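Peer 1: Protein sequence lines correspond, in order, to chains A and B.
Heads up, the first sequence stops at 443 in my numbering, and the numbers go up one at a time, no gaps.
Heads up, the second sequence stops at 419 in my numbering, and the numbers go up one at a time, no gaps.
FYI, nobody ran anything at the bench for these hints, they're computed from the structure.
Quantities reported herein were computed from a predicted structural model and do not represent experimental measurements.
We put the beta carbon where it would ideally sit given N, CA and C, even for glycine.
Any given hint could be a false lead.
If you want the footprint, here are the derived chain A segments under chain B, 3+ residues with CB under 8 angstroms [said to hold, decoys possible]:
#1 303-314
#2 334-342
#3 365-377
#4 407-419
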Amino acid sequence: MIKLLRWPLIAMLAILGVALVQWLTQRGNGVPAPVFAMERPAYGPTTYDDLLAASIQRLNLSLARVKRTPNEWLPHAGAGAAALSLFRLTGEIAYLEMAEAKIDAVRNLAPKPSGVPELRAELAMVRHDLAGASRELDILSLASVTPEKPTLSEAAAMRGDLALYAGDHVEAARLYREAMQHEPHVGVALRIANLQRVSGEFDAAIATLAEATRAEKLTPVVISSIALQTGMIESARGDYASAKDWYDRADALFPGHWLTTLYRAEAHLAEGETNRAIADLEMVARDHGRPEAMDMLALVWRVRGGNTQSRTWSQKAGAIWREWTDKYPAAFAAHAAEHELVFGEPAKALRLASINAQARPYGEARLLLARALMANDKARAALKEISLAERSGWRSAQLFVLKAQGLTILGDTDAAEIAREQARAINPKIDDPVTRLIWLAHG
Amino acid sequence: MARTRLILIVMAWLLAATALTGTARAHQAPNSEAYLDFQTDRVTMEVMIPAAEYAYASGHRVAGDNASRAQARRYLTDSISVSSGSDAWRTRVESLEFVTRDGTPDLIATLSMMPQDPSKLSDFTLRWRAVIGTVPDHFVLVMLRRDPASKLGDEPVVIGTLRGGRDALVINRGSARSWMPFANAVSLGAGHILSGIDHLAFLLALLLPLPLIARGGLWREGRGARPTIRSAAILISGFTLGHSATLIAASLGGLTLPEALVETMIAVSVLIAAIHAIRPIFPRREALFATLFGLVHGLGFAGFLSSTDLSVARNIVTLLGFNIGIELVQIAIALAIVPALVTIAATPAYHRLRAALALFCCVVAAVWVADRYVGLDESFVAPFEVVVETSMMLVFFTVLFAGLVLFARRSPAAKLRTA
Numbered sequence: 001m002i003k004l005l006r007w008p009l010i011a012m013l014a015i016l017g018v019a020l021v022q023w024l025t026q027r028g029n030g031v032p033a034p035v036f037a038m039e040r041p042a043y044g045p046t047t048y049d050d051l052l053a054a055s056i057q058r059l060n061l062s063l064a065r066v067k068r069t070p071n072e073w074l075p076h077a078g079a080g081a082a083a084l085s086l087f088r089l090t091g092e093i094a095y096l097e098m099a100e101a102k103i104d105a106v107r108n109l110a111p112k113p114s115g116v117p118e119l120r121a122e123l124a125m126v127r128h129d130l131a132g133a134s135r136e137l138d139i140l141s142l143a144s145v146t147p148e149k150p151t152l153s154e155a156a157a158m159r160g161d162l163a164l165y166a167g168d169h170v171e172a173a174r175l176y177r178e179a180m181q182h183e184p185h186v187g188v189a190l191r192i193a194n195l196q197r198v199s200g201e202f203d204a205a206i207a208t209l210a211e212a213t214r215a216e217k218l219t220p221v222v223i224s225s226i227a228l229q230t231g232m233i234e235s236a237r238g239d240y241a242s243a244k245d246w247y248d249r250a251d252a253l254f255p256g257h258w259l260t261t262l263y264r265a266e267a268h269l270a271e272g273e274t275n276r277a278i279a280d281l282e283m284v285a286r287d288h289g290r291p292e293a294m295d296m297l298a299l300v301w302r303v304r305g306g307n308t309q310s311r312t313w314s315q316k317a318g319a320i321w322r323e324w325t326d327k328y329p330a331a332f333a334a335h336a337a338e339h340e341l342v343f344g345e346p347a348k349a350l351r352l353a354s355i356n357a358q359a360r361p362y363g364e365a366r367l368l369l370a371r372a373l374m375a376n377d378k379a380r381a382a383l384k385e386i387s388l389a390e391r392s393g394w395r396s397a398q399l400f401v402l403k404a405q406g407l408t409i410l411g412d413t414d415a416a417e418i419a420r421e422q423a424r425a426i427n428p429k430i431d432d433p434v435t436r437l438i439w440l441a442h443g
Numbered sequence: 001m002a003r004t005r006l007i008l009i010v011m012a013w014l015l016a017a018t019a020l021t022g023t024a025r026a027h028q029a030p031n032s033e034a035y036l037d038f039q040t041d042r043v044t045m046e047v048m049i050p051a052a053e054y055a056y057a058s059g060h061r062v063a064g065d066n067a068s069r070a071q072a073r074r075y076l077t078d079s080i081s082v083s084s085g086s087d088a089w090r091t092r093v094e095s096l097e098f099v100t101r102d103g104t105p106d107l108i109a110t111l112s113m114m115p116q117d118p119s120k121l122s123d124f125t126l127r128w129r130a131v132i133g134t135v136p137d138h139f140v141l142v143m144l145r146r147d148p149a150s151k152l153g154d155e156p157v158v159i160g161t162l163r164g165g166r167d168a169l170v171i172n173r174g175s176a177r178s179w180m181p182f183a184n185a186v187s188l189g190a191g192h193i194l195s196g197i198d199h200l201a202f203l204l205a206l207l208l209p210l211p212l213i214a215r216g217g218l219w220r221e222g223r224g225a226r227p228t229i230r231s232a233a234i235l236i237s238g239f240t241l242g243h244s245a246t247l248i249a250a251s252l253g254g255l256t257l258p259e260a261l262v263e264t265m266i267a268v269s270v271l272i273a274a275i276h277a278i279r280p281i282f283p284r285r286e287a288l289f290a291t292l293f294g295l296v297h298g299l300g301f302a303g304f305l306s307s308t309d310l311s312v313a314r315n316i317v318t319l320l321g322f323n324i325g326i327e328l329v330q331i332a333i334a335l336a337i338v339p340a341l342v343t344i345a346a347t348p349a350y351h352r353l354r355a356a357l358a359l360f361c362c363v364v365a366a367v368w369v370a371d372r373y374v375g376l377d378e379s380f381v382a383p384f385e386v387v388v389e390t391s392m393m394l395v396f397f398t399v400l401f402a403g404l405v406l407f408a409r410r411s412p413a414a415k416l417r418t419a
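Isolated chain A, as found in the complex:
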């Protein structure tokens, strides 16, 4: 009998042998666990409130200088930069409007081609105006006096961002490397990690972030945002418990930031601590007026069957998104489209998602457009967008879930099952009911 089964036994032993060799190889040469240097630094504002106070003080000082010398462009540039920083910190649109006004003043006052093209480029990026940002960076490159290394590095990194948002991952990676060559700094490292995350290279992204924490001394807000980004990576691959740990660390390193609270609320939802999540979200919605928090609340209440609460929050969020998209269509189109898709009208969602994808035709925008197209009964067009995102190098569980959905609608259930398997390979928890509550860390 043993003689009879000689061949299948040999085949089985061969398979076991290959598996053993692979295991030993991976064991020997596997990626070492990344080592983060996350000690809380002894300098820089230590809490959100401290940083907010310092930023407001900086803005007030700049505004006082503007008042003293209203016809000089440099104080306006200082005020514009301070307002833009405050917008980035608080998300309050009034600061964006102020930054815009001040930077416009610089444009009017400064003799051409002087001024602050890097600041104008930054503003254009915030407005999702890729062409405008590119124009300003061109002006910067033509400067007769070569800018300093940090400016050159940031300019190359911004060009990398432009490439990423245009859907060119290869060019983005090249430009980020170039930025690193000019001067390696944490801003570039964060961008590289982001590119790695959206390319599905989660381990590499975490390693990049870990290295960034070891490379230089960082302020609490930066080190906290690294923890936040690490959590997002863990969330993208379905490790919601680890994501929560990172969000908690982010909060401990730099307490009080509403963005961290949003992510922590999301982590609570993933853990089933709905009441705690609702309390956090309500706090952000009440104290900071964030429509993202309101949308999340509307979704949570919908899943809970809380009809009235869900509608109340979605209406509040909708009003804010409408106001913001009226002022800055491209900058807020993605958020507003997301809102319309889940709580509003599919036709509006499609219009907004198209604006967003036109402004920044990268993977996330294409996936949002694909969702809007599917909601408008255009599964074939949606699959085309998904295919373009996939070809650009974008990799996420969400991409493959959407692909599976589109293929199912078109009746190709076998291909849909393959796409679903691909999604599960990236995020094994993609089918879990909690995953639908992940509002922020998807894409």
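Place chain B on chain A using the hints.
Peer 2: Then chain B, alone, in the frame of chain A:
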């Protein structure tokens, strides 16, 4: 040459073993799904709506009490309708419950939809406002699952989607083909016997001792290919005769027995056949045994038919097709396995193989008897069934493989090369 053949056989075995692993299909939350099944006088539609979306859209509670179910019934009746031309079909919610699967509660309902004139069961328009009228990114995937007149098998086929912006779907039934109901019945019968491992275990246990002669209360030496194949043919025919008789009597004549009793008797038949394969109990009476217990297995087939497709059970032609499907699979299995058993029976190893397989069937049948008679815990039964199903397939391919190897060694070409 023989070595190449052996390698090819090894590869085929490995491929076959790999193919045993089925793919899991997850429910696509949070969208709704609707499965259409055409019956002779109506269309039934199985509906799955995520409970959270239902609660949000309807404002109703999700609970198992009668009041909540009644609200859900009303909601579905109000928001789903069917018509063809000016003929508004009668829509009725046959069953409704809230079921939690994979942690997600769903509303599961079965609706029956009947035209005023049952003969006009053709093209119709499905109108649906449930959830999609309220939740913008929600859609309903409408699938045709069963239409014995125009579609082969019951694998769902997507026929369209319904959304907020498009709440009506025109469903054009495929042109009816006269042979399709018969082909469907054949496919149903073949599929049932392939997935019904108790029937296969019964056959396997009965076929195991066929190549041997019983003497002195033990299974002894092999009795040659010709008589074994002849006995196998008689055994299969007897089994077919038995199950066909009760299947027809149950389906057309209304003969019924309690399902639990029938299922337990089927498990007992496997147990007896397996014991017989270890020690002869009724040597050379296997065909008679197969015919008698075939009567019980036939009642099992009838029970399956009445729970899945009544249109097959009500018609003599389709009933015949269902029987033919069962028969075709039995013949295919016998054609593959009997020559392999005959080949292996010529070696001393066969006794150990027979005893091991018979013991395996014994254990499995004993668990089935216990489960079907007293009921075992589902957390044990579900994985047990998976293991048994996979093991049965592995047994089948291993026996086949061993037979092929022996056959390859004894082939004239191999002998010539040895010489």
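Peer 1: Return the numbers of the hints above that this structure violates; sort them in rising order.
Peer 2: none
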